[in-house]
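Visitor: So the chains spell out like this:
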Amino acid sequence: MSDTATKTAPQGEAPAERRLNMIEAINEALDVTMSRDDNIVVMGEDVGYFGGVFRCTAGLQEKYGKSRVFDTPISECGIIAAAVGMGAYGLRPVPEIQFADYIYPGLDQLISEAARLRYRSAGEYTSPMTVRSPFGGGIFGGQTHSQSPEAIFAHVSGLKTVIPATPYDAKGLLISCIEDNDPVIFFEPKRIYNGPFSGYYDKPVQPWKKFDASIVPEGHYTIPLGKARHATEGEELTILAYGTMVHVVEAVCAEKGIEADILDLRTIVPLDIEAIEESVKKTGRCLIVHEATRTAGFGAELSALVTERCFYHLEAPVERVTGFDTPYPHSLEWAYFPGPIRIGEALDKILAE
Amino acid sequence: MADRPQGTAKAGDNRPKLSLHVPEPKFRPGDAVDFSHIEVPEAGQQPRPDETTDPKDMLDFAHGLIRVLGEDNKAHGPWDPKLDPETLRTMLGHMAMTRAFDERMFRGQRQGKTSFYMKCTGEEATSVSASMALAADDMVFPSYRQQGILIQRGYPMIEMINQIYSNKGDKLKGRQLPIMYSSKEHSFFTISGNLATQTPQAVGWAMASAIKGDSRIAATWVGEGSTAEGDFHSACLFATVYNAPVILNVVNNQWAISSFSGFAGAERATFAARGLGYGIASLRVDGNDPLACYAAEQWAANRARANAGPTLIEFFSYRAEGHSTSDDPSGYRSAQERDEWPLGDPVMRLKNHLIEIGEWDEERQQKMDLEAAEFVKKTTKEAEENGILGHGLHHPFRTMFEDVFEELPWHLREQSEQAIRERETKFPEGLPNGGKGA
Numbered sequence: 090m091s092d093t094a095t096k097t098a099p100q101g102e103a104p105a106e107r108r109l110n111m112i113e114a115i116n117e118a119l120d121v122t123m124s125r126d127d128n129i130v131v132m133g134e135d136v137g138y139f140g141g142v143f144r145c146t147a148g149l150q151e152k153y154g155k156s157r158v159f160d161t162p163i164s165e166c167g168i169i170a171a172a173v174g175m176g177a178y179g180l181r182p183v184p185e186i187q188f189a190d191y192i193y194p195g196l197d198q199l200i201s202e203a204a205r206l207r208y209r210s211a212g213e214y215t216s217p218m219t220v221r222s223p224f225g226g227g228i229f230g231g232q233t234h235s236q237s238p239e240a241i242f243a244h245v246s247g248l249k250t251v252i253p254a255t256p257y258d259a260k261g262l263l264i265s266c267i268e269d270n271d272p273v274i275f276f277e278p279k280r281i282y283n284g285p286f287s288g289y290y291d292k293p294v295q296p297w298k299k300f301d302a303s304i305v306p307e308g309h310y311t312i313p314l315g316k317a318r319h320a321t322e323g324e325e326l327t328i329l330a331y332g333t334m335v336h337v338v339e340a341v342c343a344e345k346g347i348e349a350d351i352l353d354l355r356t357i358v359p360l361d362i363e364a365i366e367e368s369v370k371k372t373g374r375c376l377i378v379h380e381a382t383r384t385a386g387f388g389a390e391l392s393a394l395v396t397e398r399c400f401y402h403l404e405a406p407v408e409r410v411t412g413f414d415t416p417y418p419h420s421l422e423w424a425y426f427p428g429p430i431r432i433g434e435a436l437d438k439i440l441a442e
Numbered sequence: 133m134a135d136r137p138q139g140t141a142k143a144g145d146n147r148p149k150l151s152l153h154v155p156e157p158k159f160r161p162g163d164a165v166d167f168s169h170i171e172v173p174e175a176g177q178q179p180r181p182d183e184t185t186d187p188k189d190m191l192d193f194a195h196g197l198i199r200v201l202g203e204d205n206k207a208h209g210p211w212d213p214k215l216d217p218e219t220l221r222t223m224l225g226h227m228a229m230t231r232a233f234d235e236r237m238f239r240g241q242r243q244g245k246t247s248f249y250m251k252c253t254g255e256e257a258t259s260v261s262a263s264m265a266l267a268a269d270d271m272v273f274p275s276y277r278q279q280g281i282l283i284q285r286g287y288p289m290i291e292m293i294n295q296i297y298s299n300k301g302d303k304l305k306g307r308q309l310p311i312m313y314s315s316k317e318h319s320f321f322t323i324s325g326n327l328a329t330q331t332p333q334a335v336g337w338a339m340a341s342a343i344k345g346d347s348r349i350a351a352t353w354v355g356e357g358s359t360a361e362g363d364f365h366s367a368c369l370f371a372t373v374y375n376a377p378v379i380l381n382v383v384n385n386q387w388a389i390s391s392f393s394g395f396a397g398a399e400r401a402t403f404a405a406r407g408l409g410y411g412i413a414s415l416r417v418d419g420n421d422p423l424a425c426y427a428a429e430q431w432a433a434n435r436a437r438a439n440a441g442p443t444l445i446e447f448f449s450y451r452a453e454g455h456s457t458s459d460d461p462s463g464y465r466s467a468q469e470r471d472e473w474p475l476g477d478p479v480m481r482l483k484n485h486l487i488e489i490g491e492w493d494e495e496r497q498q499k500m501d502l503e504a505a506e507f508v509k510k511t512t513k514e515a516e517e518n519g520i521l522g523h524g525l526h527h528p529f530r531t532m533f534e535d536v537f538e539e540l541p542w543h544l545r546e547q548s549e550q551a552i553r554e555r556e557t558k559f560p561e562g563l564p565n566g567g568k569g570a
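Just so you know, the protein sequences line up as chains U and P, in that order.
Read left to right, the first sequence gives residues 90 to 442 (the working numbering).
Read left to right, the second sequence gives residues 133 to 570 (the working numbering).
Just so you know, the hints here were simulated from the structure itself, not pulled from any lab data.
Small disclaimer: the values here were computed from a predicted structure and weren't measured.
Backbone N, C-alpha and C fix where the C-beta goes; we use that ideal spot for every residue, glycine too.
Where hints are given, some of them may not hold.
Said to hold, decoys possible - Rough simulated footprint, nothing fancy, chain P against chain U, three-plus residues with beta-carbon under 8 Å:
no.	stretch
1	160-172
2	192-202
3	207-218
4	239-249
Sequences are here, hints too, so could you generate the full structure?
Guide: This is the structure in structure tokens:
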């Protein structure tokens, strides 16, 4: 049995019911971990005095001082490289890359260095860093403020990639990432920083406070990496998604009256293969949804795994709903975004088989 | 579209044609070599500034050449580190050992005992002497041509050879290309094949040391060719922005495989001069003068320890041998260069200095060289008992999958089981060497 969490807030000893948006949850995760471990440092462009362009690091410099929370030059290579060196020293750096679209200048340091440090030194040196970066589209961000480059990182041996979909998960997962001894890419879906997004862009957006997933306990708690979350449980089909798309598929299924087993993967490397297998073997149908471009996207890996491991349980071909194989456009954003119509068509097709 | 102002003429017809400048080294194979264009100042002429000097006042140090050992084999001027004879003999011994090691490992590659090797011949002072000026727990971030640091720091030579042979004794479990050493115990950072990545990492380490209020400093080495990488810019920038306690050593050995230093920008500026543009204290040093190398590194270490900031040192030297065992320099440069190189050979210069001051003689030198060669030979034989490349005495198959992550995730566990299954299919009777392997 897979150790999947339930979709609502944790039970047990959560004290006062506090509702936070994802930004506040991330900020609190940083605050909680920094107060527990002097070796955690936060660095990045505009993260210090100003508190980050998305406010995720607001107040931290004032609280922990400039030697633990500081602004950096505009150099993603330098940010990641310095974090590698700090990790080798024994610190636990949490660098921020302002937008995932700008992580590429740091790729050599991530792929050739951070990801391989433990392997190439046979464990002598490690890179316990967590790279936080806002990612994903749906905000009219155009080509360079909308990308979802998770497949690039999923392809790199030695990196973990984590993507939260709720404030509760954002805090618990980020704390786990920071405390993990491997390098982690933590992608924050900026479309859902302030509230979940249904994909029905012409309808008003609701703030997180209206949803139970924004009930965030105070203090320290973790969500294990490599474990998926059941966003909804159902028998008709399995939907594999992460980040913003979890909420989009939830909304579309609700609209169409489909009872889907929606797995919010949360961690794409390492993947919760048990939860996926269990769900697909139960439903016999699988839809994969991500914002990223289609060809060689992470959906291809998911599709291959499901086909390899659940072939005799499948009653329909595995379907993928993704962004198109183009750079992310500005004016045609809603034609590009894998929204209700594209998802609806795929659902109709997969359920008709 | 309207006519251009000149009527039918194309725009710019009356301007001179532009032309692309592609640097060309002065000498190619077969050319007679004349290095008289290289300015070599007299030893001892350079003043020694205070270690807290403002980089703005260091123009002459970034363009000149700090030298201690003169043609007369005596130490001159304020940069003379005034090391005692015992220390000088130790320095000479490490340099001679490094050279003997290189000779033997190069031959080992030619004999098929390993796939690859890189010598540092002619550059021994830039690692051995510089490293001697650091504390043993100062962290070094080397490139692949600073084996002299490991020898100076007392890393067991058998571990170096085990690594080169990728045998069952290899601490890196046969995962790394030969010479990509790693030793945390000796504060020697794991070497990467990706050039210059270690330079901003060293700065990050130094920043960490400063964040924690530690007293240790970091030093990194990079070739002049690799200073062209963006990482080097990041290293200089972060070093200066955060006043990091770091030393950026640039070994300018004139050649990056077949490309002469002009392709890294040497035609118009020294590598030391680049440091000044960032506001980094910068020294240009005779890299074949072991005393000058020591003195410059010591100056930079003192500066870093005093929180006075980073230093960039250009060691002006010459890569006497090919780039690697895969390289044949006769294809791109004149064979005469090595003999004509105006700064001579670092081992010879230190030896001659010790003889000049009456602390050494040819007989002792011969004995030392012989002992070094014998030691390397003996250690090589010991290492060969752990296997040589491709002879089966390697680490177990499952180790290939370990250390990718701290813990083995399910997909690597499955692949590990597959590799072991494949091995059993190939050797149903067990491994050729009788080893279990799994």
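Visitor: Does each hint hold? Answer for all of them.
Guide: Hint by hint, here is what the structure shows:
Restraint check on the stretch 160-172 of chain U versus chain P: 8 residues with Cβ-Cβ distances below 8 Å, three needed, restraint holds. Coverage of a stretch by a chain is defined here by at least three residues with a beta carbon nearer than 8 Å to that chain's beta carbons; for the stretch 192-202 of chain U and chain P the count is 5, and the condition holds. Given a C-beta distance limit of less than 8 Å, the hint that chain P covers the stretch 207-218 of chain U holds, as 9 residues qualify and 3 suffice. With 3 residues carrying a beta carbon less than 8 Å from a beta carbon of chain P, the stretch 239-249 of chain U meets the three-residue requirement, and the given coverage holds.
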